[in-house]
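Asker: Listed below, chain by chain, are the residues.
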Amino acid sequence: MLRFVLRRCALVVPSLLGLLVVTFLLIHAVPSDPAVAMAGDAATPEQIERLRQQYGLDRPIWEQFAVYVGRVAQLDLGESAFSHRPVMIDIAQRLPATLELTFCALAISVFLGVPLGVVSALNHNAWPDYVLRIFSVMGIALAAFWVAIMLQLLFSMQLGWLPLRGDLTSTLPRPDRVTGFLTVDCLIAGRWDAFADALRHLALPALTLSLGGLATIVRFTRAGTLDTLQQDFVFYERAMGYRWLRLVWIFVLRNSVTATVTQIGLLFGGLIAGGVVVEAIFDWPGIGSYTVQAILTGDRQVMLAVTLLVGTVYAAVNILVDVVHGLLDPRLMERG
Amino acid sequence: MSGRGRVLRRREIGTLAAGAVAVGALPALRIPSASAADASTFVSGFGLPLNLDPHQVYDVPMQSMMLNAYDNLYRYQGDPPKIVPWLAESHTVSDDGLDWEFKLRPGLKFHDGSPLTAEDVVYSFRRVLALALAPAGAFLKILKPENVTAPDPLVVRFKLETSYAPFFAAIPSISIVNPRVIKANEKDGDWGKTFLASDGAGSGAYRIVPAGYRPLEYLDMEINESHFLGWKDNPKPVRKIAYRPTKESSTRLLALLNGSLDCTDTNLPADQVAQINESKIAYVQKDVVMRTFVIRMNNTKPPFDNLNARRCFAHAFNYMGFITDILGGYATRDPYPMPEDLWGIPKDAKGYDYDLKKAKEYMAKAIAEGAPMKRPIELHVQSENEQSVQGAQLFQSDLAQIGINLKVVGSIWSTLTTAAAKPDTTPDMWVHWVSTYFVDPENWVGQMYDSQFHGTWKASAYYKNPEVDTLLRKARALVKQEERAPLYQEAIRKIMADSPDIWIYNSMQLQGLNKRVKGRRFCTVGQGAEMRWITLDG
Amino acid sequence: MTPLLSVRGLKVSIRTDEGIAQVLDDVGLELERGRILGVVGESGCGKSTLIRAIMGILPRGARVEKGEIWFEGENLLVFSEDELNRDVRSSRIGFIPQDPLLALNPVFKVGAQLLEVMRWHAPDDGARGAERRKRHVGRLVELLRRMQVPDPETALERYPHQFSGGQRQRLLIAAALACGPRLVIADEPTTALDVTTQHQILLLLRELVGEFGISLLFVTHDFGVVAELCDDLCVIYAGQTVEAGAVLPILDAPAHPYTRALLACHPDRATSFAGIPGSVPSPLTPPTGCRFAPRCGDARAVCSAGQPPQGRSGSGAEVRCVQYA
Amino acid sequence: MRAILRKLTRDLPAMLGLGIVLVVLLIAILGPLLAPYPGDAAASHLARRLKPPSADFLFGTDNLGRDIFSRVILGARGALAIALTVVSVAMLIGVPLGLIAGFRGGWLSETIMRVTDVVLAIPQLVLALALAQLMSPSLESAMLALSLTYWPFFTRIVYAETRRLSSSLFVDALRGVGAGSGRIVFLHILPNALSPVIVRATIGLGFTILVAAVLGFLGMGATPPAPDWGLTIAESRTYLPRAWWYATFPGLAILITVMGFNLLGDGLRDLADPRIRRSR
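In the order they appear, the protein sequences are chains E, G, S and W. Going letter by letter, the first sequence gives residues 1 to 336 in the working numbering. Going letter by letter, the second sequence gives residues 1 to 538 in the working numbering. Going letter by letter, the third sequence gives residues 1 to 325 in the working numbering. Going letter by letter, the fourth sequence gives residues 1 to 280 in the working numbering.
Treat the hints with caution; some may be incorrect.
[To be verified] Capping the alpha-carbon separation at 16 Å, the derived lysine to aspartate or glutamate pairs in EDC-like fashion look like this: (1) G:Lys-159 <-> G:Asp-99; (2) S:Lys-109 <-> S:Glu-153; (3) G:Lys-422 <-> E:Glu-49; (4) G:Lys-187 <-> E:Glu-79; (5) G:Lys-518 <-> G:Asp-233; (6) S:Lys-11 <-> S:Glu-68; (7) W:Lys-7 <-> S:Glu-18; (8) G:Lys-109 <-> G:Glu-119; (9) G:Lys-350 <-> G:Glu-490; (10) G:Lys-464 <-> G:Asp-305; (11) G:Lys-103 <-> G:Glu-89; (12) G:Lys-301 <-> G:Asp-424; (13) G:Lys-422 <-> E:Glu-46; (14) W:Lys-7 <-> S:Asp-17; (15) G:Lys-518 <-> G:Asp-38; (16) G:Lys-103 <-> G:Glu-119; (17) G:Lys-236 <-> G:Asp-537; (18) G:Lys-358 <-> G:Asp-398; (19) S:Lys-66 <-> S:Asp-26; (20) G:Lys-357 <-> G:Asp-398; (21) S:Lys-109 <-> E:Asp-329; (22) G:Lys-240 <-> G:Asp-537; (23) G:Lys-141 <-> E:Glu-46; (24) G:Lys-494 <-> G:Glu-467; (25) G:Lys-422 <-> E:Asp-33; (26) G:Lys-407 <-> W:Glu-140; (27) G:Lys-365 <-> G:Asp-305.
[What the hints assert, rightly or not] Here are the computed distance ranges between Cβ atoms for each label pair: (28) G:Asp-305 <-> W:Asp-56: 44 to 50 Å; (29) S:Arg-128 <-> W:Leu-8: 50 to 56 Å; (30) W:Leu-108 <-> S:Arg-145: 53 to 59 Å; (31) E:Asp-58 <-> W:Ser-88: 40 to 46 Å; (32) E:Val-5 <-> S:Asp-124: 43 to 49 Å; (33) E:Val-5 <-> W:Leu-108: 24 to 30 Å; (34) E:Arg-71 <-> S:Val-137: 55 to 61 Å; (35) G:Asp-188 <-> E:Pro-14: 33 to 39 Å; (36) G:Arg-493 <-> E:Gln-158: 53 to 59 Å; (37) S:Pro-123 <-> E:Val-5: 44 to 50 Å; (38) G:Asp-305 <-> E:Arg-71: 46 to 52 Å.
Rather than coming from a laboratory, the hints here were simulated on the basis of the structure. Bear in mind the structure is a predicted one, so any value in this text is a computation, not a measurement. Backbone N, C-alpha and C define an ideal beta-carbon position, used for all residues, glycine too.
So here's chain E without its partners, still in its complex pose (with noise of 0.2 Å):
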């Protein structure tokens, strides 16, 4: 187990040098200049020549790409052109924000989408399954921004219930920050106001991203029941008289998830990048906005070191799921 572990980790290195490559390929090839943005609106082309040197924007890229990794090497991220604040503080900072609301979006989809998955896999080919099919790739076919905006309409206009955006009510002192997980931090405070207050804020960005994964999680839940439930061992189960519902959620469920857990950590990397137009509509302080902002200033630092924790994340998530994979199923684990 320990030894897979590290052997997908050790696989990983590499693949993220290649990411960095890429990434730095690409943004090196952009024709904006950072010091021209960096200098700001009122600059003089001599200023804009003192910041090119002082970044080292006038050297070869590749002298360019050799200090970068050997400074990532050391877990420093380097300083934004523009805030002048380390990249590594920002993004441990608005990290945390993304995850909380990634994590959230993928617990509302994996608690509806399974159940529902399943509902329409045992129907299958009659009218619940039709209804739950199209109503799960409504999920994916709706537009984010146009349900963002929708949900902001009804709960918090309208009825009044939710708040409109952001994380925490404007006069509500923020928790000591510790673990940067903005609902952890409540409750290690032991605010309990600023609890519920948070969590109140997560509801109706939560609900807009887990949209989409929603319809995956049915998607897959569905297929993989629906194979499940040709095995034999669902009908050996059945004339033992297992109980219907136990035989279902548990026994079936439990070979049938296996297809959906792999979606989950794809899904994971997707939700992060793609919380973007969610996190701006709702002002959520994570890292999709952070992102934007800095492709829209050709702020390369940030650029980088986000694409590089994307993947981290998504390969670390990937390694989970292939562990979770190995707890589901004993037999992948023996096979290594």
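Go by the hints and put chains G, S and W onto chain E.
Answerer: The following block gives chains G, S and W in isolation, referenced to the frame of chain E:
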């Protein structure tokens, strides 16, 4: 006997129904909404600058932030803007315009309680010059760090290299910072750049709360009880400012309408005005600001190197249609290359009007002179800016009528400014605003049409007229407004005759405000973001 | 005394995309207490559907059109799904599946799966909760030991794939017996095994019938197995019982042409490797007369005219063939 | 074949999907003929800005007074063009790579699959945004970015299928009778690997339309005055919630089209997957 196969079905439907009931029950979990804001907290929708250091960043959001957290020697106040003493009581200038002396008020204090003296002002200016970032632009060429001195704890002296009239106009752009706080947080002689990017070291009416800051997301400030102006003129000031800028225009509107935002930023689209004014809770404040909207033409690229061609384009834009219908009338037609109400405008000069007949005539002339009017022309716009995109589309459909093929190309600010650094990469045409960094013709015509600024985006028409250069340079070196005004008038007449760009309007700033906001004072510099005058009802 | 299990005139149809398939068309069999009945037929003749019908787990689209299934004096066909699950499966009818690897849930420990069955169906001995579970574990260990599963205590903590094929089949036999059923249905339980293991399992089953006082319904396509194990025999062809009676007389003197043909194909007795010409007719379009007529060497005109009547052969078996009418 | 078609016709959602796809295709082909104001792709009519739906303008008008109904119809062609281009390019890159990696094995296969992993790890939106900068925001850069991030899916599918098939008995048999590699790959493996590819492509078409809309929303996709659905929704943000028709109809167009492709793809997959087919 068919019952057996169906037993399953009944169960499954049961499961489904149970799910539906559970979903239906969710609203029952409703929790009463927390009150949006109390009467001591102002939730501001003003945008946040890239970082908090007023010596590194100088743009519109920074202006509105630093007016609250920092103080300046002089400050623009009122509408129309007047430059008034602030930390300084008064100033003197020598006849040659080279020696400037500012006298500070006594008893000034920073947020940490330490006294603010002339030495601190000197440090602040030297820091600006050493960092040489955006706000240094106006000073780098005319001021050496060693020529800023403090002969007395209350006197700051500047000795300029050359006479430069806009020097005084740019004084309010420099914030005075607390060297003791900065030096304590300096790393490798970086002038505390990293520290001040996310913290405060000022003396302003409000104090930055570093724990309440996340770049471009949120910022909290709390009141500075011991601000040098005191609070007698505003007995019930805002205790806390919560900057919560919105990213989406729809969210901004909704937040204002549900009371969770006390003011929007100042870029409210005209089409949202009616919706806000119809609400019970908010209204739209209209203010004329000095911010001109211009379509640039690259005068080095054919056909724009041809005067008749440029005039043709200038006559083909539907100025009033754009202003009346698309901007809902919330802008004033400004045919001049700078704000109409600024001094130095030649009121007798006639601008270009929307007249496709004239445009056609000029087009014929241009073609006769060999200008390639039929080639596809590219107009670059900032994709994220709805207004410029609409303007471009309007232009496109009008030009199509006279047989000119205009292509609208979406782009982003950093790409555009990079491209504008060289004449051959500068697009055929592009669109931008020119905001007020300091209230002086230099901010517009001076930097836009003096050929010495070629290579900066502001001068991206690559217009070159030696007579204009001479006039602008002469005006720049004089101190007295009476002497400078005629020079600018003359220069502008010549520029307008050459039609290097298409000047469209001067902006009217639209800002949504909650009705509980009272006591707002507007000034075009800072866009009414100064909070110390504001009181919240209720 | 009435038989333990008696199936009479069972007709089952399945709705498919192509139309309605008559999978079982008048099947009958009787199983006396304490005896072993072999059900024999080629694949596709309806053996699995018969088993499924007895256990009340027909595939989707299937319908019992006619017939009765009497078990211990009750007609199982009037039982609801719940009643079957509560009162019949495992507790009164045990089941041994064909392929023990596919029949065991691969991702659960064997113990968890066997205990799940006992949890719901083991006779109530008054114990509850943990105590009941402990007794079940004890009973299982005892059973596994009887089944000669090595290391029965730890066996419960292992996963199905960690056993050999023979061991897995022993586990499943234990599972079938765990709740004390009167009847055990075995669906070709030895097909997936090698010959030696097959023989061991058959011996074990033979012993268990007497030992546990059960009756065994043994489905197979292999006459060799029938000869080795069964007391009675029921031959099914194309959804119909064609010959039924005691094993030995039938093996000695098979009456129905199909039985004869099947026996002729068996390696032990085969005279040629010709097999039976043709194939089992599609249940969608069954022949009008005798189902076997198209493949029958002795077919006459009357065979295709209508359903042959039930008759009795010289050895006392019931035969569905005009020859014995 | 007929049996498969019949099964498809019995799958209601899949038929619904097929119907939608056909209608959208028809609209895309006949667009300018169907639109009541075909000139509104580019024209502007300031006098009738932001009019609600009426008999003249079924879906209302937009911020430049253009008929939204016409623009929704005219937008179908662009949406399909994007989707088809992206998926074709992705298939052209992905399928051959998958075949090579699956059939050849060794270091080449290893390299291809590692590169595939790397590309899969690049956040799609980041790449799209970066390319939009690189080539200035336009439909072309959006399409390129989407193609460049979508091909690994095909590579993975084809790789898996090829591996499965090339170790199968019948390929061994072909090798035994001396069939050449090219012949085996193109005549035997490719046709067999095709059905999962087609399924993926169908779903990919819907997916691409959606992501292109998101890019348009972020100002990184189609440029004005293209009657692009995503772009139209992006433009409408300022006018919500008052001009509800502005976002709603293009939104519905995206919804219905994407749903059509997805439902059809799901239906096709049910047919293509032998395990699921068995259950019928």
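Asker: Please go over all the hints and tell whether each is borne out by the structure.
Answerer: Evaluated hints:
1. G:Lys-159 <-> G:Asp-99: With Cα atoms ~5 Å apart, Lys-159 (chain G) and Asp-99 (chain G) stay inside 16 Å; holds.
2. S:Lys-109 <-> S:Glu-153: holds, 13 Å
3. G:Lys-422 <-> E:Glu-49: holds, 14 Å
4. G:Lys-187 <-> E:Glu-79: The hint holds at about 14 Å.
5. G:Lys-518 <-> G:Asp-233: With Cα atoms ~13 Å apart, Lys-518 (chain G) and Asp-233 (chain G) stay inside 16 Å; holds.
6. S:Lys-11 <-> S:Glu-68: holds, 9 Å
7. W:Lys-7 <-> S:Glu-18: holds, 11 Å
8. G:Lys-109 <-> G:Glu-119: holds, 13 Å
9. G:Lys-350 <-> G:Glu-490: holds, 13 Å
10. G:Lys-464 <-> G:Asp-305: holds, 11 Å
11. G:Lys-103 <-> G:Glu-89: holds, 6 Å
12. G:Lys-301 <-> G:Asp-424: holds, 8 Å
13. G:Lys-422 <-> E:Glu-46: Roughly 14 Å between the alpha carbons, so the hint for Lys-422 (chain G) and Glu-46 (chain E) holds.
14. W:Lys-7 <-> S:Asp-17: Roughly 8 Å between the alpha carbons, so the hint for Lys-7 (chain W) and Asp-17 (chain S) holds.
15. G:Lys-518 <-> G:Asp-38: holds, 15 Å
16. G:Lys-103 <-> G:Glu-119: holds, 12 Å
17. G:Lys-236 <-> G:Asp-537: Distance ~9 Å between Lys-236 (chain G) and Asp-537 (chain G) Cα, so the pair holds.
18. G:Lys-358 <-> G:Asp-398: holds, 13 Å
19. S:Lys-66 <-> S:Asp-26: holds, 8 Å
20. G:Lys-357 <-> G:Asp-398: holds, 12 Å
21. S:Lys-109 <-> E:Asp-329: Holds: Lys-109 (chain S) and Asp-329 (chain E) sit about 11 Å apart, inside 16 Å.
22. G:Lys-240 <-> G:Asp-537: Holds. Lys-240 (chain G) to Asp-537 (chain G) sits at ~15 Å (cutoff 16 Å).
23. G:Lys-141 <-> E:Glu-46: Holds: Lys-141 (chain G) and Glu-46 (chain E) sit about 10 Å apart, inside 16 Å.
24. G:Lys-494 <-> G:Glu-467: holds, 8 Å
25. G:Lys-422 <-> E:Asp-33: Cα-Cα ~12 Å, so holds.
26. G:Lys-407 <-> W:Glu-140: The hint holds at about 15 Å.
27. G:Lys-365 <-> G:Asp-305: holds, 13 Å
28. G:Asp-305 <-> W:Asp-56: 44 to 50 Å: Taking Cβ atoms as reference, Asp-305 (chain G) and Asp-56 (chain W) lie about 46 Å apart, which means the hint holds.
29. S:Arg-128 <-> W:Leu-8: 50 to 56 Å: For Arg-128 (chain S) and Leu-8 (chain W) the Cβ distance comes to about 54 Å; the hint holds.
30. W:Leu-108 <-> S:Arg-145: 53 to 59 Å: Given a distance of about 56 Å, which is inside 53 to 59 Å, the answer is holds.
31. E:Asp-58 <-> W:Ser-88: 40 to 46 Å: holds, 41 Å
32. E:Val-5 <-> S:Asp-124: 43 to 49 Å: holds, 47 Å
33. E:Val-5 <-> W:Leu-108: 24 to 30 Å: Roughly 28 Å apart at Cβ, these two residues keep to the hinted range, so it holds.
34. E:Arg-71 <-> S:Val-137: 55 to 61 Å: holds, 60 Å
35. G:Asp-188 <-> E:Pro-14: 33 to 39 Å: The hinted range 33 to 39 Å holds for Asp-188 (chain G) and Pro-14 (chain E), with Cβ atoms some 35 Å apart.
36. G:Arg-493 <-> E:Gln-158: 53 to 59 Å: holds, 57 Å
37. S:Pro-123 <-> E:Val-5: 44 to 50 Å: Check passed, 47 Å falls within 44 to 50 Å.
38. G:Asp-305 <-> E:Arg-71: 46 to 52 Å: For Asp-305 (chain G) and Arg-71 (chain E) the Cβ distance comes to about 47 Å; the hint holds.
The structure fails none of the hints (numbered hints given earlier).
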